[in-house]
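Visitor: What follows is each chain in one-letter form.
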Amino acid sequence: MRVLIFVSFVLAASPVWAVSQAEDIATTIMLRGYACGGNQVSQISQKQDAAGYQHIRASCPNGVRYAIDVSPVGRVKVRPLK
Amino acid sequence: MNQWLIILMTLSLCSFSTSLQAGSVQTVKGLPQVDVAHSVKVNSSDVQEVSLQELIERLKATDAIGFFTKLAIRSDVLDFKSYVRDLRRKKILECEIETVRSNFNGLVLKIIALLEKDPGLSKIIYLARESIFKSIMEVSV
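The listed protein sequences derive, respectively, from chains G and R. Going by this note's numbering, 296 is the number at position 35 of the first sequence; the sequence numbering is gapless. Going by this note's numbering, 140 is the number at position 135 of the second sequence; the sequence numbering is gapless.
Hints are supplied without guarantee of correctness; some may be wrong.
Below, in silico cross-link-like pairs of lysine-lysine (BS3-like), each with a Cα-Cα straight-line distance of 25 Å or less [stated by the list, open to error]:
(1) R:65 - G:308
(2) R:65 - R:75
(3) R:122 - G:308
Bear in mind the hints are in silico, worked out from the structure with no lab data behind them. Just so it is clear, the structure is predicted and the values come from calculations on it, not from any experiment.
Using the sequences plus the hints, can you model the full thing?
Guide: Written out as structure tokens, the structure reads:
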């Protein structure tokens, strides 16, 4: 009981406006000039290859699935998937 | 007792839920329409001077934008610096100064719009934009 109350207070103390990963990816897609149809993505998959590239796939509310590729030096590229 | 616990947890979860929808991006290009001249009412004497490095650190540390968004902004800034460097190498920087300035203003506007949840930092960036532009235009040896 006490643990549950403590956890709920901890959650309440978190910043209300902290950005979720879904919103972060949606914003990144829109920053690159692509329409997303909303401010959150879904069906996020993420993996890293041997070269250090991060490959993220996510679906926007408008039905388009995007690929976000992050290079080891932090360069971000966004492209729509067919 | 169980009902009170459920109410308490519901309230805490509601406060944790994203309130970003209130300030959600609306346009196709994804950026809210921000009139920089009017949306940030500033008095330059209220803002302490901050170095460019401090500004970068604050931008890295802000919770108003996410990790990938910060990387995307960084990519944009690096592309802009590379563009200025290319123009300088071709010795046509002065001829293209208006285009460079326009691109810079667009970049600053983009960053300020993204920092909607961190008005203090967006205000500082707005006030420091001339210094930032000068530091980018300076010749690096």
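Visitor: What are the numbers of the hints that this structure violates, sorted from low to high?
Guide: Checked against the structure, the only hint that fails is number 3, while the rest are satisfied.
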